[in-house]
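Each protein sequence line maps, in turn, to chains F and G.
In this text, residue positions in the first sequence follow this note's numbering: the first is 2, and each later residue adds one.
In this text, residue positions in the second sequence follow this note's numbering: the first is 201, and each later residue adds one.
By construction, these hints were calculated from the structure, which means they are not laboratory data.
Treat the hints with care, as some may be off.
As the list claims (entries may be wrong) - Listed below are several chain G residues computed to face chain F (Cβ distance under 10 Å; list not exhaustive):
{"no.": "1", "residue": "R203"}
{"no.": "2", "residue": "R208"}
{"no.": "3", "residue": "H219"}
{"no.": "4", "residue": "M220"}
{"no.": "5", "residue": "L246"}
{"no.": "6", "residue": "A248"}
{"no.": "7", "residue": "S317"}
{"no.": "8", "residue": "T338"}
{"no.": "9", "residue": "P352"}
{"no.": "10", "residue": "G356"}
Said to hold, decoys possible - Here are the simulated lysine-lysine pairs, DSBU-like style, with alpha carbons at most 35 Å apart:
{"no.": "11", "chain 1": "G", "residue 1": "K297", "chain 2": "F", "residue 2": "K82"}
{"no.": "12", "chain 1": "G", "residue 1": "K297", "chain 2": "F", "residue 2": "K130"}
{"no.": "13", "chain 1": "G", "residue 1": "K339", "chain 2": "F", "residue 2": "K28"}
{"no.": "14", "chain 1": "F", "residue 1": "K130", "chain 2": "G", "residue 2": "K319"}
{"no.": "15", "chain 1": "F", "residue 1": "K25", "chain 2": "G", "residue 2": "K298"}
{"no.": "16", "chain 1": "F", "residue 1": "K130", "chain 2": "F", "residue 2": "K152"}
{"no.": "17", "chain 1": "G", "residue 1": "K319", "chain 2": "F", "residue 2": "K33"}
Ideal Cβ positions, reconstructed from N, Cα and C, are used throughout, including at glycine.
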Amino acid sequence: MAPRKNTAAIRTFGDHEVIVPENKLRKAVSTKPMMPGEEDPVARAEKALAELSSEFGSWMESECERLDNARRAFNKDGFDKESKDALFRAAHDLKGEAATFGYPAVASAADSLCRLIEYTPETTRVPVKLVDQHVDAVRAIYREYSRSDAKDLAALLTSRLRDVTDEFLIYENRGRPDVLEQIIGSASPSIVPE
Amino acid sequence: MVRIDFNRLRFLVIDDNAHMRRILRTLLHGFGAREVYEAEDGAAGLEAFTHHVPDIVITDWAMPIFDGLELMQMIRQPGANANPYVSIIMLTGHSEKKRVTAARDAGVTEFLAKPISAKGLYERLVNVIANPRPFIKTKTYFGPDRRRNVNPTYAGPERRKGGKADVIRQAPLLEKVRAPG
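Work out the full structure, taking the sequences as your base and the hints as a guide.
The structure is reproduced here in C-alpha cells:
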C-alpha cells in the first residue's frame, strides 16, 4: 500500500466539522517487502516477552502481596476512598495481568473482587469478610498453582465467590435498575473486539 | 501487506503498574520501536505528553491522581496542546460495554482489553497507523470519527446535520472603522 498523501483539511457542515489532520504517522508506513530471513514483528515481540517471562513468577508474588497489603490498609483505615481505590487498583491489575504472567485462573477471582468493590453503593457497606475471602482465594490459587487440580479448584472457588458477590450486589442495588443491569449484564460477553 | 517502521515512531506508555509498563516496552521494542517513554500516572503522563510529543499514546484506565479517561479528555482539547489529534490506545482490564462506550465518547482511537498479547497490540497499532480516521468536532465531541463503517441496514434518522453551515458574515474590522457614522 502506498503511503497516504498529506491531506490536512476541514469541512464544515450544519452542526459538525470533519477534520482530516495531517497524518504524522504516514512516515512509518512502508511499502518495502520483508527481507529474506527477516522475522515477523509479532513473533519477535513474543520471543522478547518469552525471555522476560522468567521474572513473571516474582512479579505475580509481589502483586499478590500488594493486594494483601491493600486489604490490610482497607480493613485498618476504615474504608476511606483512598484505601478503597488502592484495593480496587491492586485487584484490577491482577485481573489484567494474571493471564500474561501465566496464572489465568487467578484473574477470575480478582475480577469478582473488582465487581464487589465497584458496585457496592456505599464504601462502608463493602463486606470485610467477603473482601478477605476474595484476597485469600487469590493468594491460595496463586500459591497452589502447580497442583494438577489447581484450575478445577480455582474455578469452583471463584464460582462460589462470584455467586455470593452477585447475591449481595443485587440486594444492595435493588433500587438502582441501571446498576443492576450492569451487574447482571456483565456476565455476558463484552463488545471489545478480539 | 502493510509494513510499519516502528523505529520512526515515538511512543508514550502511561500505566501506574511498573510490570505492565515493562511488558509494553518489551513488546514495542520487539516490534522495532526505539523511542518509548513511560509515565506512572495521569499527571506525569500529561507532562510527558507535552514534553516528548509522542506519535502514539498507550494508556491504562485505572490510575491515581487522574485516570486514563480524564487524561484523554485533557489531550482532546483543540488548541490546548501540540497534538490533540494524537492516536490514543486505551489498554485496560475494563471491558464492559459501558466502559468501552465511555472511552469512545472521550475520543479514544483504539481500545484493547487486557490480558495483553503481542498480536492484539500489533493489530491495534497497525490500524491506528495505516488506517487513520478523520476527526469529528461538534459542540459535545472532539475525537476520531466514531462511525467506523457505513451500516447499510441502518433505518433511523441521520443524527448529523448535513449541508453547509450557517455562516453569519462579519464585516472586517477595517471596513467597520472606515464605515461612516
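Okay, the hints, checked on the actual structure:
1. R203: With a minimum Cβ separation of about 4 Å from chain F (threshold 10 Å), the hint on R203(G) holds.
2. R208: holds (5 Å)
3. H219: holds (5 Å)
4. M220: holds (6 Å)
5. L246: Result: violated, 19 Å to nearest chain F Cβ.
6. A248: violated (18 Å)
7. S317: holds (8 Å)
8. T338: holds (4 Å)
9. P352: Result: violated, 20 Å to nearest chain F Cβ.
10. G356: Not OK, violated: G356(G) not within 10 Å of chain F, min 17 Å.
11. K297(G) with K82(F): Roughly 25 Å between the alpha carbons, so the hint for K297(G) and K82(F) holds.
12. K297(G) with K130(F): Answer holds: K297(G) to K130(F) is near 30 Å, not above 35 Å.
13. K339(G) with K28(F): holds (32 Å)
14. K130(F) with K319(G): Given pair K130(F), K319(G) is violated - Cα atoms ~40 Å apart, limit 35 Å.
15. K25(F) with K298(G): Roughly 31 Å separates the two Cα atoms, so the pair holds.
16. K130(F) with K152(F): holds (24 Å)
17. K319(G) with K33(F): Holds, at roughly 21 Å.
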